[in-house]
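A.B. asks: Each chain, letter by letter, is given below.
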Amino acid sequence: MAEIRFEHMTKKFGPVVAVRDLNLTVADKEFLTLVGPSGCGKSTTLNVLAGLEDPSEGLVHIDDQIVNEVPPGKRDIAMVFQSYALYPHMTVRENIGFGLKVRKMDKKEINKRVEEAAVLLSIEPLLERRPRELSGGQRQRVALGRAITREPKVFLLDEPLSNLDAKLRTQMRADLKLLFNRLGGTVVYVTHDQAEAMTLSDRVVVMRDGLVQQAGPPLELYDDPDNIFVAGFLGNPTMNFLSCSASREGDQLALTTNGTRWPVALDRADVILAQIQGEATLGIRPEDVTVALPGHLDEERSVPCTIEVVEHMGSLNIIYANIDGNRMIATMESAFSAGSGDPARMAFDPDKICLFNVDTEDRIRV
Amino acid sequence: MLSYRTKRRVSNVGLYVLTGVVLVIIAFPLYWLLITSVKLDIDVAHFPPVFFPTRFTLDNYLSVFETENATKFWVNSIVTALTTTFLTCLLGSMAAYALAKTYLASAIRQFLILWILVTRIFPPVTTAIPYFIIIKNLGLADTRFSLILTYTSYGLPFVIWLMLGFFQDLPADIEKAAIVDGCSMWQRFTQVILPLTLPGLAVTAIFAFIAAWNEFLFASILTSFSAKTLPVVISGYMSDKYLRWGEMSALGTMMIVPVLIFAAATQKYLVRGLTFGAVKG
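Chains as they are written, first to last, in this note's numbering: chain R, 1 to 366; chain H, 1 to 281.
Quick caveat, the hints were computed from the structure, so don't treat them as lab data. Just so you know, these numbers come straight off a predicted model, no measurement behind them. Among these hints, one or two may not hold up.
[Claimed, not checked] With a straight-line cut-off of 25 Å between C-alpha atoms, the simulated BS3-like cross-links for lysine-lysine are:
id	chain 1	residue 1	chain 2	residue 2
1	H	LYS101	R	LYS12
2	R	LYS74	R	LYS107
3	R	LYS153	R	LYS101
4	R	LYS104	H	LYS268
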């Protein structure tokens, strides 16, 4: 059992506030990912949890114990670093067993645990090698091995896949998921890669400038973002954003940009208009945008556009289209072929539209 | 017009010639020392100088051991230099480790790092007289201990500065990993940090050893007979009555040997140490 709780935790470095008033609970056996751009405070949060940094204010609990004053070695945590941080002068076996040796565990028991971890991570043939003789992926496995032999209450992973090439990263992502499903510990994972956050986690916390922007299950954040930042950060290709004027048309809300009336009509215009000053940002995910050659879409529910580029990704097409100077991205699974400059029509799925306040960038909820 | 290949050949020959000239300039004093130690007295005093002697003798070496009891001074030099090297490396690397980390406020650290250099900014001779008086009053005159104390205090700034660079070059994550693994500061230092800076430590040790081994000023002031070291003994062959080049060269030649042995023993680390930090590995 290992529940983690941050209570009004703030971390400052001189005048710079890295994390501001963080209140967050990580449930026992939960896989929680802190995600955000560089400098958002995610690694600082992890370092505070590990005990490598002291919080400037607030409390950190692991289970029912306040750990602010507990040294890192006594917190029963294990950490995996982006740079792997293996000890270059030790063999793989010594690296994996080092934490246990420091704790003065019996040699036989250390060997047993090291070998179990090696089997789990498929690195048995590498046990007598030194880190410099290993590839990036193998080093990462050794770093994971060092963490899991300790059988800690909490695993902390700081961008563990960032130094790997794209293909290996995807493979390791799946391996990590399997591994932690099997181990079942509480995991706090830090990454700037939204794909890792989406695929690995039970819950994602999006951070920006030291503040939590939104926390929740990955799909909830993806489908129902609280603000433009979260909406734009999660998803690849990123969500389309359009600045538009909002006005009433009967009972419905009409959205226009430079005279182009977007093919959506939203109900409850009064409620929406009460929250904005006539301007709004419309957000729609690429997979909710349909592009078709003229004649294939209902003219009433679509707008004309010009194809810029079509990227054929195999099972998926990414279409870049231009509407009066606004670039829109659509992803479609069906076969689509058009050349640059070809006229086409575009439609949005009205149920999937997100509206955001222009000033606060917060979601306008109805 | 010369072809590219010919040009490259010419420039290679030029480089070899240049290397040869530099080598001769560096090696000549050593050659001169060596042949003077085995020349007959008559050849030593000959003018024009005999560059390639045809007659050799080992009398100078025998004389050094028979008349001057060189073994005793050898032991003095070895004990003083080795103990100094051990102490400066041990204390210096611990101090450098503390200064390389952020346990102290940055301003204090910077101040300490600069303050440590103070003893290196004036010529040692300026402190010779006060030093002599202090050592004499402490009853330590003419003891190896007085030399070890002096060399260690003068050698520490150098060791601290060198080791500081090596410690600062280490990736921070490795130490963080050791902290999370539960190492105390001493365990981190001895089991993780020091083994990683071993090449740097080897270079530092060689420099510290050479500095103590060759030191003349304090050795001549603080010792008179029992704790005399080799440089002082060598200078003793020069007086207003005579100049014994042969014995001087013989002892000089023998003085080089331990440094060569020490350097050979640490050479494995030396090559890596000199390029440490140039590439990450």
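A.B. asks: Give me the numbers of the hints this structure contradicts, sorted from smallest to largest.
C.D. replies: 4
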